[in-house]
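J.: Residue numbers (full-length UniProt numbering), protein chains in the order written: chain A, 1 to 283; chain B, 1 to 251.
It cannot be assumed that every hint is accurate.
What the hints assert, rightly or not - To give a feel for the contact side, a few chain A residues facing chain B, derived at Cβ under 10 Å: (1) E177; (2) G179; (3) W273.
Simulated from the structure, these hints should not be mistaken for lab results.
The beta carbon of each residue, even a glycine, is placed where N, CA and C say it ideally should be.
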Amino acid sequence: MAEHSATAEALATRDQAQERPAAQGGRLTLGWTIGLIVPAVLLLAWQLAAGQQWIEADLLPAPVTIAQTFWAMAQDGSLANDILVTVYRLALGFVFGTVAGTVAGMATGAMPFARRLLDPTLQALRSVPSLAWVPLFILWFGIADTSKVILIAVGVFFPVYLNLMAAIAGVDRKLIEVGRVHDYGRLRLMLRIQLPAAMPLYLTGIRGGLGLGWMFIASAEMMGANNGLGFILTNGEEVGRPDQIIVAILAFAVLGKTTDWIVARLAARLTGWQDKLSAESGA
Amino acid sequence: MTRQLDIAGLTKAFGTAAPVLGPVSLTLDGEGITAIIGRSGSGKSTFLRCLSGLETPTRGTATLGGKPIRPAEVGFVFQEPRLMPWLSVRRNIAFGLGHLPKAERKQAVEDAMALVGLSAAADYLPKQLSGGMAQRVALARALAPRPELLLLDEPLSALDPLTREQMQAHILHVAQHIRATILLITHDMDEALALANRVIVLRGPPGRIVLDVTIPEHDPAYAFPRDRTSAPFQAMRRRLIDALEERPLAA
Ligand SMILES: Nc1ncnc2c1ncn2[C@@H]1O[C@H](COP(=O)(O)OP(=O)(O)OP(=O)(O)O)[C@@H](O)[C@H]1O
Ligand SMILES: [Mg+2]
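Model the full assembly from the supplied sequences, consistent with the hints where possible.
T.: See the structure below:
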């Protein structure tokens, strides 16, 4: 008898355990708001500590001061201007890097000869730390936008190239054969089978490239620029304005996250055909 | 009328290894299903792949109406559906129709879908299909360009017995409605006898024809749908088993 009820209890516990994931699924919509709790508490504590003069305002200004600085920079249009300059450089570099990475990835992915010819060189270049390029590019292209755009393009190029090459080289031979029995030539095989099949990994590469692009533009603008978000960072250091630095950091965070979200949404839409457990990943 | 398929001395060796197929010589005249059965490794797939152009024969020729077979004249169904996962059923079926004007392409897709009973699933993605449905899409994709030669490489072997029987009915239906020479590979003797009007037994390697029987078309015992328990059916089955038995070929 006792044994019987123990079993029933175990079953009931198991039922509850099985219910839990469903309940979690319902709460998932609140997921990102939960993520706000920790920053909010930190912010409150920070403001409190600053108000009590526990933190030196010259090193770490109070949140309210930062908000005021933000408001001032937004009002006089300087923030919008610097954001535009940075986004413009990033966009140009992103487009060039993506195009170059796509062409190189397609060629080396589809043609083993091109891969053997080019990949070792590109892999060697990839091992160069990004900042090592900066002095050389400034020497070659000057301090104007060109050197920055090229640096960003270099950063975007490698993830796009590597992912697309791997994806195209890895397309299932069985699908290629379907193209061959339908008399597909090289170009149609590429456009109608290899590229669509490579799309998920390609988009992963583009997303990674965009992330690197943001890192590279910060470096580029910090090493020589008279406008842009990266310039606000170095300028803030020179004139001793930590509030200005923090505003730029926050702008980088918001912009980086937003552009990544856009690409992720686009990727989810373009690769919805995948037979995966969950459609949304990452993001 | 479909043109005559002539296969003469077809042989295939991979690299410098011993041949896995042939020489095979065979003439197929007219429509209907010819089944090819043989044990695993006897070279059945290699044979079909040589006809489709996926493999180049080491020796020998295959011609349709006296001319080399062109890929546009061939439809091929693999053991697996091999659908493009990013394309809807409709677009998968249109895969080999790029050369047609839009209206004709649309009509060809509709016809092929209707022929295999898939019209209701036109907008599904492959991930939404059952195994049997997916294989019917593959069949429709091969049929849509109206090939003269339809090559089916064990299209049903990955399906469960009930679905397989359903699919056999689909294939029979298709065979009765298109003008094509159909070669069906199977390792299932009953399937061969249920569908074909000619059965060829291949033994190897190297794969060679050891038996070639024509089913008496006008014999009521073989009227479709065939009664698999009838005495002539069973006797024919016995002959095929004997031919598949491992005995020296020379005998
Ligand atoms: N690409 C290849 N390279 C080398 N050998 C191959 C290749 N394809 C097939 N073979 C060999 O050819 C022989 C016949 O293979 P094939 O696939 O034609 O057999 P099959 O009759 O279709 O067998 P199954 O019923 O298992 O599908 C096998 O011994 C196989 O190892
Ligand atoms: Mg086979």
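J.: The structure should be examined with respect to each hint, and the outcome stated for every one.
T.: Results for each hint:
1. With 10 Å as the threshold, the beta carbon of E177/A comes within range of chain B, its nearest partner Cβ sitting at about 6 Å, so the hint holds.
2. The interface hint given for G179/A holds, since its Cβ lies 8 Å from the closest Cβ of chain B, which is under the 10 Å cut-off.
3. Interface hint status for W273/A: upheld, as the beta-carbon distance to the closest one in chain B is roughly 4 Å, under 10 Å.
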